[in-house]
Amino acid sequence: MSMSDWNIVTRSMRTRTFSSIVTILSVAIAVGLVTLLISMRDAGENSFKRGTGNVQMLISKEAGPLPSVLNSMFYASPPTTPITWAQYLELKRSYPFAWTVPTQLGDSYLDAPVMGTDGSFFESFQPAQGTDWTLATGVYFDEPFQVVVGADASARLGLSLGDTISLEHGAPRSEGGHTHDEFSFEVVGILESTGTAHDRAIFTSLDSSWIIHAHDRREAIFGHGITTSIDDLIHEDMKITAVYASLGNRKGALVQVLSALLRDPNWTVASPADTVGNLFSIVSNIDQVLLAMAIAVMLSSGVSILLALYNSMEQRRKQIAVLRVLGASRPRVFSMVLTESAIIGLIGGAIGIALSFLGGLIVTNVLAQRVGIVIEPALPLDGYLMIVLASVALSCIAGVLPAIVAYRTSVVRALRPAM
Amino acid sequence: MTIRFDVQNTETTPALRISSLAHRYASSGTPALQIDALTLDPGEQVVLTGSSGSGKSTLLHLVAGLMDPSSGTIEIAGEDIHKLNGHARDRFRGRSVGMVFQTHHLLTGFSAEENVMAALMFSDIPRGSHRDRARTLLESLGIPTPSQRVERLSIGQQQRVAIARALACDPALVLADEPTASLDPDNAQVALDLLQDACRSSNAALLCVTHDQRFVDRFDRHEHLASPLEQLQGALEGA
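Listed in order, the protein sequences are those of chains A and B.
Numbered according to the working numbering, the first sequence spans residues 3 to 421.
Numbered according to the working numbering, the second sequence spans residues 529 to 767.
Honestly, the hints are just simulated from the structure, not real lab data.
Glycine is no exception: its CB is placed at the ideal position from the N, C-alpha and C atoms.
Treat the hints with care, since some could be wrong.
Which residues of chain B face chain A? A partial, calculated answer using Cβ under 10 Å [as the list claims (entries may be wrong)]:
1. 595
2. 619
3. 620
4. 633
5. 644
6. 645
7. 650
8. 657
9. 662
10. 697
A few chain B residues that don't get close to chain A, going by computed Cβ distances all over 12 Å [unchecked claim]:
11. 570
12. 608
13. 713
14. 729
15. 755
Computed spacing ranges between beta-carbons, pair by pair [as the list claims (entries may be wrong)]:
16. 399(A) x 655(B): 24 to 34 Å
17. 6(A) x 728(B): 24 to 34 Å
18. 392(A) x 615(B): 24 to 34 Å
19. 302(A) x 615(B): 32 to 42 Å
20. 698(B) x 6(A): 19 to 29 Å
21. 655(B) x 295(A): 43 to 53 Å
22. 558(B) x 295(A): 53 to 63 Å
23. 403(A) x 656(B): 35 to 45 Å
24. 741(B) x 24(A): 45 to 55 Å
25. 380(A) x 655(B): 36 to 46 Å
Let's have the full structure, built from the sequences with the hints guiding it.
So this is what it looks like as structure tokens:
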């Protein structure tokens with residue numbers, strides 16, 4: 003094989019291995035950060051929007067739409083203001099809903115929130131638009147004291163069919179919570195993953211949830227050792243915390259119902275998709291600051307390329323002068339230095355993309371375990387290509403000054419014997 | 529883009545012809561070099577001596593086209609190198625002029641054969657023959673391990689690699705700037721033998737600059753380069 007510009011450039015990089023690796027790493031970290039941030043930003047919003055499923059209206063008595071959506075659809079914390087069963091029935095009667103799903107939150111099992119609901123949750127509500135619930139194994143609950151477990155909760159808590167659990171009254175790890183050992187719940191179904199916050203929840207019937215609360219009430223009156231059944235329920239026990247609702251394809255009706263409910267001071271009504279959109283428009287400022295920081299890191303890595311190459315010029319003047327004596331033109335040595343900076347940008351960009359995948363995996367894992375949100379931080383292929391191209395372009399820009407130094411190197415001065 | 533050089537028949541055209549050459553330092557305007565005429569025929573070997581500051585190294589830089597003279601012409605194989613600009617001049621130098629330096633100026637981090645091939649990469653010689661050509665040259669100059677990195681070779685071996693590199697493209701002219709200055713007497717002798725033999729076998733003219741008077745008899749011709757000050761003194765004495 004004969005010698006080529008490529009040999010000279012790569013060998014030159016190898017003779018300065020440490021400096022080359024540090025420079026490449028600084029580019030890789032910057033590219034990784036920018037890529038991760040861009041891919042997470044889109045994926046996060048999509049995932050939140052996906053989690054609201056086919057719910058057109060979330061009706062509750064929470065302080066505002068945002069806490070209502072975060073608490074009742076993303077399990078941030080248990081809603082605090084209950085809706086009586088009678089109020090729910092009245093609501094259903096008053097408006098032409100296509101379907102409604104009553105939900106009740108406030109209990110938990112270890113880390114997992116427990117939602118009380120009825121069969122309509124699995125029949126009418128789609129966790130993601132167009133995606134129905136699917137059981138990985140077992141059946142849906144149809145009797146009190148049966149639970150169906152979300153995919154993530156099942157994996158994390160090691161729950162399988164036939165297991166029995168006791169629920170805790172209160173949110174996970176909340177103060178004042180207590181475990182109801184007197185009621186055993188049997189796992190009758192495990193759900194397939196939906197990629198939403200619902201994957202980390204456990205579902206049971208409203209009756210079961212109400213019986214637990216009725217038991218607390220009755221114990222306060224009759225003391226410990228009593229038993230409570232569905233027959234002991236009174237109106238006061240039968241409460242829910244939110245209603246998932248939809249009017250189907252009737253857009254006109256939706257606008258009318260929404261405006262009517264918005265005027266009613268007794269209800270808090272939220273359009274979940276819009277609320278998530280508003281949330282992201284609020285956090286987009288922070289997002290832009292983070293993006294600006296990532297770009298600043300990218301620019302600083304450009305400066306580090308410039309410094310690394312510029313400093314190496316002192317050592318390389320002789321090499322450049324020798325190449326000039328051998329017949330290399332000024333533009334050719336200029337292009338050799340630019341090629342070196344492009345290689346740094348290319349390798350750094352490729353490693354940066356790999357780092358962003360690794361970072362994405364870690365963040366995805368943490369979010370799935372802590373928040374139950376499954377996000378897929380991915381960009382289209384041309385997005386990654388654009389980022390690598392930008393990295394190469396930035397590196398080339400950073401290499402221009404050192405390349406000019408190489409271009410202007412005085413052969414006579416560089417080869418003058420040291421005195 | 530193919531660049532054609534108007535190289536004349538080397539059998540009849542001098543390898544080097546210098547006419548009315550003068551060079552002044554741009555900063556001070558002080559005369560650095562003055563040569564009325566100097567000609568080297570193909571294969572001729574000329575040693576140039578002179579006191580320190582006489583402009584010996586400056587002359588080599590001017591001949592190689594690394595500097596432009598204040599006035600006068602320098603033709604290599606019939607081509608006025610200073611009439612060529614930029615890329616054309618660089619290519620012409622790479623093809624027609626070989627240079628051997630006092631401190632070798634080899635590319636560190638590269639093997640002996642890669643150093644020789646580095647000279648070939650700027651020539652018109654087909655790339656496929658570069659390695660064989662480099663190995664043959666190195667072998668003829670007594671380098672048995674052409675793949676060894678140059679910094680691991682002895683000083684004497686490094687000088688041989690430098691000679692091989694200077695002759696790699698079959699130049700019309702080889703310029704040697706104090707080629708023995710960094711060598712002990714025995715190695716200096718061997719290096720000069722090799723340099724002169726190699727130039728002879730490729731019919732390259734050799735212009736060797738040295739201040740070492742011991743070797744002047746080995747060359748076809750000895751020229752002394754007087755500094756502009758010495759020339760002025762000579763002129764005054766003559767008057």
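So which of those numbered hints doesn't the model satisfy? none
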